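Asker: Here is how the chains run, residue by residue.
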Amino acid sequence: MTLVTRIAPALPLRGRRAVRLIERNSLVYRRTWIVILSGFFEPLFYLLGIGFGLGSLIGGVTGPDGREISYGVFVAPALLATSAMNGAIYETTFNVFFKLKYQKTYDVMLNTPLGVGDVALGEVVWALIRGLLYSLGFLVVMLLLGLALSPLVLLAPLASLLMGFAFSAVGMSVTTYLRKWTDFDLVFVVTMPLFLFSATFFPLSAYPESLQLIVQLTPLYHGVNLLRGLTTGVVGVAQVVDVVYLAVMALLGLIVVNRRLNKLLIK
Amino acid sequence: MLPLSSQPLIHARRLTKRFGSFTAVDGIDFDVAPGEAFGFLGPNGAGKTSTMRMIGCVSPPTGGTLRVLGMDPVADGPRIRARLGVVPQQDTLDEELTVEENLVIYARYFDIPYREGRRRAAELLDFVQLAERAKSEVEPLSGGMKRRLTIARGLINEPNLLLLDEPTTGLDPQARHLLWDRLYRLKQRGVTLVLTTHYMDEAEQLCDRLVVMDKAKIVAEGSPRQLIERYSTREVLELRFAPGAQESLDGQLDGKLDGIAERIEPLPDRLLLYTSDGDAAIDAVHARGVEPESVLVRRSTLEDVFLRLTGRTLVD
Ligand SMILES: Nc1ncnc2c1ncn2[C@@H]1O[C@H](COP(=O)(O)OP(=O)(O)OP(=O)(O)O)[C@@H](O)[C@H]1O
Ligand SMILES: [Mg+2]
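First to last, the protein sequences are chains A and B. Going by the numbering used here, the letters in the first sequence line up with residues 794 to 1060, in that order. Going by the numbering used here, the letters in the second sequence line up with residues 7 to 322, in that order.
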């Protein structure tokens, strides 16, 4: 949240009342919390199914610093990153689209002292909170299973927060361009390969060289790399690059959201 | 400077709204005084909603001057909106929340604490006769109930000025009368009402003063009574003919009915004769050998004013 308050004034964006959106959304989820819960179990099942199932076949893999680590230790931070991404994306795609196009929730809000900046920031922060909740739940499981090797894991929630911010801001920007529900297939055409090819299940070195370059340009890769660095205790310049990449993505996303909502809502 | 109470709550001069090259509101002038019920009467596409959205500070004017509550809607949007109540043309209730939650969360948007929000919600649900539905979902409510809930929502911040965009369109007569009654009570409490409608009866019932809008322009302004006096006669004689008979009459009408009424308006299904004495006009029609299928004498309404001003009927 400190990140948000520090960045917000630098944007052409006023979001003092953004917290009202978070209040509204929590009111809705008071009754549908089970939906939120489901997003937590998904990565957990992957961890149990793939991490341990596949892990028992593979044995160990080469960790970030060349040491051999167990497959569970390798794959867990990647699933952590994925859960942060999913929480943010689910929220800013389907839910935002419904509110923007069908329920006209934001038009209603703009009849009150709330402004477009509040809407943009409020939804992004709400989505980021949802992503953070998933990550925290998953993190607890990781700790219980002994899959975190370094005390740096304590920084993982911050990294998840940054990831959530980046993915919800970009997710919401994309949503403002969508016209109908079937357009959401496009979202999965993007998130599915991200999930599979972001050095999630294999080390980057396992990919052909040309593909490695492309992978390194994609956002989830940077989330995975950052979190894996923290949970295995191997951090360096690469992780600084990850942080910068995600921060820039968050900022650009927020600027685009603000601009698009202004165009769509203030006519 | 004028004393606050006599300063207009809304002041518009040459107010214009364009969407691309299309002009939705074309240089209109009007003032709304505190405590007044002011109406925009006009057909579909006249520019009513566009005007209301500019007043509501969610649509920047393309040209002209607009002051709302003495402030500039572009610069002071949030401060103005804090004191406005808005009932949009479409009910935009939050279907993910209950009836009561819709009001309580809306109160939060105005920084009203939860306790106070719940208190006001209960009071307003009473006022719009929805108290027993407080815990209900929004979706199963009838059209009239949704409209009343939307009005209750617009009142949660105890606004000085309530904007109602077609408050009763699509409702059955009973639901409309209930709504009119509630709006009338608000007016008596001193809330300034600004409403749009394309129902002349609604305008006559609710408005102290109104402007008739057509094709982005204001074509007349006054109280319902003044408008009728100025643009119509006291009574109207409606003549209906058997299907087909009117067309064959059309050519010779001028001659045949000349002088019977101040003005004759031919509609596709009937003739309207504007006169101060409808019964005398009936006799005159018969005396000239014109035999309509049915005749009806009625008082002039705003519908007649609109017809006179634009050559078209309001609701088609
Ligand atoms: N966002 C927009 N973009 C382009 N044109 C618009 C937009 N909003 C309104 N218009 C056009 O402006 C004109 C006036 O619309 P407006 O909604 O103000 O009319 P209205 O008097 O409220 O009509 P109705 O009785 O149907 O609600 C219409 O021709 C409409 O198509
Ligand atoms: Mg309208």
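Hint data in this document are derived by calculation from the structure and do not stem from the laboratory. One thing to keep in mind: the hints can contain errors.
Unchecked claim - Computed, partial: chain B to chain A, Cβ under 8 Å:
#: 1; residue: Val64
#: 2; residue: Ala88
#: 3; residue: Gln95
#: 4; residue: Glu102
#: 5; residue: Leu103
#: 6; residue: Glu107
#: 7; residue: Ile111
#: 8; residue: Tyr112
#: 9; residue: Tyr115
#: 10; residue: Ile118
#: 11; residue: Glu122
#: 12; residue: Arg318
Because the structure is a prediction, the values reported are computed rather than measured. Ideal Cβ positions, reconstructed from N, Cα and C, are used throughout, including at glycine.
Asker: Each hint needs a verdict: does it hold in this structure or not?
Answerer: Hints versus structure:
1. Val64: Given a least distance of 5 Å, the restraint on valine 64(B) holds.
2. Ala88: With a minimum Cβ separation of about 5 Å from chain A (threshold 8 Å), the hint on alanine 88(B) holds.
3. Gln95: Violated, because the Cβ-Cβ distance from glutamine 95(B) to chain A comes to roughly 11 Å (cut-off 8 Å).
4. Glu102: holds (4 Å)
5. Leu103: This interface hint holds because 6 Å falls under the 8 Å limit.
6. Glu107: holds (6 Å)
7. Ile111: This interface hint holds because 5 Å falls under the 8 Å limit.
8. Tyr112: holds (7 Å)
9. Tyr115: holds (4 Å)
10. Ile118: violated (10 Å)
11. Glu122: violated (15 Å)
12. Arg318: violated (27 Å)
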